[in-house]
Amino acid sequence: MSPSPEHVKSLAGRIFTTVLAFSLGILLAFSAVMVSIFYYSYEHDAEQALVQEASRAAASLDEAPAADVTTVLSQQFSGIIRYTLISESGLVLYDSQADAGQMDNHASRPEVSKAVRTGEAVSMRYSETLGTDTVYAAEKLSDGRIVRLSETRHSLFAFLGEMLVPTLFALVVVAGLVFLLSRLLTRHIMKPIDALDMAEPLENDIYGEMVPLLQRIDDQQAQLKKQNKELAEAESMRRDFSSNVSHEMKTPLQVISGYAELMKNDMVLPEDRQKFAGLIYDEAQAMRGLINDVLTLSKLDESAFAREERPIDVTSVARRMAGRLESFAADEGVSISVKGASAHINGSETLAEEMLYNLIENAVRYNHAGGSVSVRVSQGAASEEVLEALRAAGAEPDPASVVTVRVSDTGAGIPEEMREKVFERFFRLDKSRSKETGGTGLGLAIVKHAVQYHHGTICVEGAQGEGATFVLRLPAA
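Quick note: the sequence shown uses the working numbering, first residue 108, plus one each step.
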């Protein structure tokens, strides 16, 4: 299922817009800061120049006779700077740009009052009407009078207003360059990503930040390949299983059909009818056993058995299964013994019965007349190797409490190279012998599945020719 369009975002677009927005933001902030620094630096320099000019004017006026001060001011100091001569009481004696007689008393002006007290002063006032700043520098003369210089300059806002057009022009030019640079940078960043080979995620020359993502993709691909392989194997196993079931059922059906046809056509002597009926019954029972085993395996394959965690006394189940098989063992001339104290596991009692019944039946079936079957149940500590095997099977075993079941027979034994294959479906060591004894070839496959259901392990021990021992290890309840 594809994500909805509103959830799909372009990485290249995100990188481009982020770089562009960040660059423009930095550019605007830098421009504002630089203009402000330029303005205040210019203001500071102009103020210092005005202070120096005030000091020079004061020095010139101190050297001139008192009666000639206004003449000196009018002749030597003129221009854009405004010069004002003020008495110690605040009376304006001279102004280079206004009629002194019409001006108010300046005693309360900050720069004048401070100069009277300290000898010099600097101040600035903003005119809201004109939108300008006026800087004042005042110096006290030796006779107590004050010479004040003033200069009108644009305020910061007015300065910014004048700088707006050239600044915007510069910003547009720079923004265009940033736009092109952002696109180039985005392409450069996206190039390794666009060139990703997802078939071999870890073989790409890519950014380190993407390695965890590619590692996860590689792991998922490996998992998918494994799952596909398992599905293919399962499908192959299913086909083989179906073929084997059909083959195993064909023989008893042919026997039943043939004997029944003979009886139907009165081609069987009266004294042989019971024999033929017995043969038909035996073959029907073999088919019934095969069908039951197939159904059990199908349930185990499909996990149709509900997970149970009820306590089961393995020793008690073993004795019960041995009792069920006592008549069959007697017919085969084999004795069965079960030994061991109570040992409990958690799981399905039905599967535990299937597991032990098949193991004991198998031991009787492939034994010899006069032979024996021994079932030994114990519970206790286990080696680290056994514990690791149980953990691999999905168990969390208590190291001091593992149930071990040993089912031993006195038959021919199992060659070491065949000890894993005996758990495969329809596998038989001796096909002719298996047919004679009536085995379906599914008993040990059911045992293996039942052991796996209980998170246990199973293996085969014993030397060939000296019987076989099936060893089950299960986590104790």
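Mixed in with the good hints, there may be bad ones.
[Unchecked claim] In the EDC-like style, the derived pairs of lysine to aspartate or glutamate whose C-alpha atoms are separated by at most 20 angstroms in a straight line are:
id : residue 1 : residue 2
1  : K371      : E390
2  : K555      : E340
3  : K528      : D505
4  : K332      : E316
5  : K528      : E310
6  : K336      : E307
7  : K221      : E258
8  : K357      : E368
9  : K528      : E491
10 : K333      : E307
11 : K528      : E468
12 : K332      : E310
13 : K446      : D325
14 : K221      : D206
15 : K555      : E495
16 : K371      : D389
17 : K446      : E460
18 : K332      : E368
19 : K221      : E154
20 : K298      : D326
21 : K555      : E468
22 : K555      : E460
23 : K528      : E342
24 : K446      : D420
25 : K332      : E307
26 : K336      : D325
27 : K382      : E337
None of these hints come from the bench; they were simulated from the model.
Each hint tested on the structure:
1. K371 with E390: 18 angstroms, holds
2. K555 with E340: Roughly 18 angstroms separates the two Cα atoms, so the pair holds.
3. K528 with D505: 30 angstroms, violated
4. K332 with E316: Roughly 26 angstroms separates the two Cα atoms, so the pair is violated.
5. K528 with E310: 40 angstroms, violated
6. K336 with E307: 19 angstroms, holds
7. K221 with E258: With a Cα-Cα distance of about 19 angstroms, the restraint between K221 and E258 holds, given a limit of 20 angstroms.
8. K357 with E368: 16 angstroms, holds
9. K528 with E491: 26 angstroms, violated
10. K333 with E307: 16 angstroms, holds
11. K528 with E468: Holds: K528 and E468 sit about 19 angstroms apart, inside 20 angstroms.
12. K332 with E310: 18 angstroms, holds
13. K446 with D325: 52 angstroms, violated
14. K221 with D206: 24 angstroms, violated
15. K555 with E495: 18 angstroms, holds
16. K371 with D389: OK: K371 and D389 at ~19 angstroms, within 20 angstroms.
17. K446 with E460: Distance of about 17 angstroms is within 20 angstroms: holds.
18. K332 with E368: Not satisfied, since the Cα-Cα distance of roughly 53 angstroms exceeds 20 angstroms.
19. K221 with E154: Status holds; Cα separation ~17 angstroms.
20. K298 with D326: 24 angstroms, violated
21. K555 with E468: Holds: K555 and E468 sit about 15 angstroms apart, inside 20 angstroms.
22. K555 with E460: Given that 20 angstroms is the threshold and the Cα spacing comes to 13 angstroms, the pair holds.
23. K528 with E342: 19 angstroms, holds
24. K446 with D420: Distance of about 13 angstroms is within 20 angstroms: holds.
25. K332 with E307: 13 angstroms, holds
26. K336 with D325: 16 angstroms, holds
27. K382 with E337: 48 angstroms, violated
The structure does not agree with the numbered hints 3, 4, 5, 9, 13, 14, 18, 20, 27 stated previously, though it agrees with the rest.
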